Amino acid sequence: MSNVLANLKYAASHEWMLLNADGTVTVGITDHAQEALGDLVFIELPEVGAHFDAEKEIAVVESVKAAADVYAPISGTVTEVNQAAADAPESVNQDAYAAWLFKMMPDNVADLDKTLDAAAYQAVADAA
Amino acid sequence: MLKKTVLNAAHRAMNARMVDFGGWDMPVNYGSQIEEHHAVRNNCGMFDVSHMCPVDLVGPDCRAFLSRLVANDVAKLTTSGKALYAAMLNEAGGVIDDLIIYFLTDTRFRIVVNAGTAEKDLAWMQARISEWQLDVTITPRRDSNNPLAIIAVQGPNARAKVWQVLPQVKAATEGLKAFFAAEVDQYFIASTGYTGEDGYEIMLPAAEADALWNALHAAGVAPCGLGARDTLRLEAGMNLYGQDMDETVSPLDAGLSWTVAMKDERNYVGKSALTAAGQKKQFLGLILLDKGVLRGHQQVITKHGNGEITSGSFSPTLQQSIALARLPLGVQIGDSVDVDIRGKLLKAKVTKPVFARNGKAVI
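Quick note, the sequences are listed as chains G and F, same order. The first sequence runs 1 to 128 under the numbering used here. The second sequence runs 1001 to 1363 under the numbering used here.
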């Protein structure tokens, strides 16, 4: 059974978000997503400084089995990427909530309120 | 409603991740596909491949039938138990299916066809028997009232593990060379496989499959899903029907020339089309030099024109991405080519279409 953390926000496309004190949002893929993909072997991260609208393809995670797009869960500008995760894709399998992928400065932090909470995402994951 | 093999509950009990594989509810892994891959290369793993369909052929015209049905020459089958890999072609020279033919006696053969193609294969074979007015009875042994299960035990320790669990088959199987089968009681044990490792494919009555599966597991054989099966066969350079070839692809363009007998006097289905068309592409390997993962349908840009990847993934043995590809004639092994991955051109090297066998990289 995959793990959904109560303190995070989620997108139905299986990204998690954590609002940081500096106003940025840390983004990764959920435990459910890593489990569905299987052993990850490649991660393509976005460029720092690039702007993405919500629901646009922002990164790619590839497992032995398949390639999957990661979508920007909210609109914003990439401020930082986690090169350590790209260098060791298996770290996302080991702990999807520790191995974050990138941070964004949201265009409008209130957009976060429109995303899923843990209970709502759990329902999405259970139905998948 | 997905079809299930007799081992479905056993997979679920072992926490398999199940997927829809061509209409079959099959295990893709039991945790880590990469660990399962390494288990087969270095020790021993087992696969439930009961979704594939054994077909028994009985009758005085078996040999005459097979000599017209497939592009490889069953005249090569002279010793009882010998197996032959062959392509069954349509009149246009496209591949209806690839299959293994086991020669048992002159009036009894067994063939094993792919899961997703079994129904069309059986219809095609039945139609050819009628058209050619031959005395051959074909009996599928998958969904019948006398079904078989197939468990593939693969890896350097596979034989020892099978003998540990089925000591009664040791005498008949320890001398088996590669690509042979022996029948012992209800077991049909073949030294064939789809991983590039030593091992057996065991056909047995479906009702007994659970007991064998669990006994092998208790003996330390790792259950492996179709995910590892795919990366193992890709490393071994073995074609996958539906990806590397299909009804629109000539076996000569899919790396199967070694299975196509062109010079003998047989007039098998598709031969005239193959002779007329000749080889138009070559089937080679690729190793990605940049970071990323090669996948089927990606375009390959070479100085001789464009080609296409037919199967690609990450190679757990090489720790690099590898692929099988149909490339223009003129491309040479060792050439550097570009692969279009999501609009970016990444560098790859052309190789022989085989990457790892018997536990080792061969590149």
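FYI, nobody ran anything at the bench for these hints, they're computed from the structure. Hints are not guaranteed to be accurate.
Restraint-style ranges between C-beta atoms, simulated for each label pair [claimed, not checked]: (1) S2(G) x D1020(F): 15 to 21 Å; (2) E90(G) x Q1133(F): 31 to 37 Å; (3) E1035(F) x S2(G): 30 to 36 Å; (4) D95(G) x G1022(F): 30 to 36 Å; (5) A66(G) x L1289(F): 20 to 26 Å; (6) D107(G) x E1035(F): 28 to 34 Å; (7) R1108(F) x E90(G): 29 to 35 Å; (8) D1210(F) x D117(G): 25 to 31 Å; (9) A1215(F) x E55(G): 49 to 55 Å; (10) D95(G) x G1242(F): 54 to 60 Å; (11) H1297(F) x A127(G): 54 to 60 Å.
For clarity, every value in this text was computed on a predicted model and none was experimentally measured. Glycine is no exception: its CB is placed at the ideal position from the N, C-alpha and C atoms.
Do the hints match the structure? See the list:
1. Checked against the given bound of 15 to 21 Å, the beta carbons of S2(G) and D1020(F), roughly 19 Å apart, stay inside it.
2. Taken as a hint, the range 31 to 37 Å is violated for the pair E90(G) and Q1133(F), whose Cβ atoms sit roughly 60 Å apart.
3. For E1035(F) paired with S2(G), a C-beta distance near 19 Å fails the hint of 30 to 36 Å.
4. For D95(G) paired with G1022(F), a C-beta distance near 34 Å keeps the hint of 30 to 36 Å intact.
5. As the Cβ distance of A66(G) to L1289(F) is approximately 22 Å, the hint placing it in 20 to 26 Å holds.
6. The beta-carbon spacing between D107(G) and E1035(F), approximately 42 Å, falls outside the hinted interval of 28 to 34 Å.
7. About 49 Å separates the C-beta atoms of R1108(F) and E90(G), a value inconsistent with the hinted range of 29 to 35 Å.
8. At roughly 43 Å, the beta carbons of D1210(F) and D117(G) sit outside the given window of 25 to 31 Å.
9. Between A1215(F) and E55(G) the beta carbon distance is about 51 Å. The supplied range of 49 to 55 Å therefore holds.
10. Roughly 36 Å separates the CB atoms of D95(G) and G1242(F), a value that falls outside the hinted 54 to 60 Å.
11. For H1297(F) and A127(G), the hinted distance range of 54 to 60 Å is not satisfied, since their beta carbons lie about 30 Å from each other.
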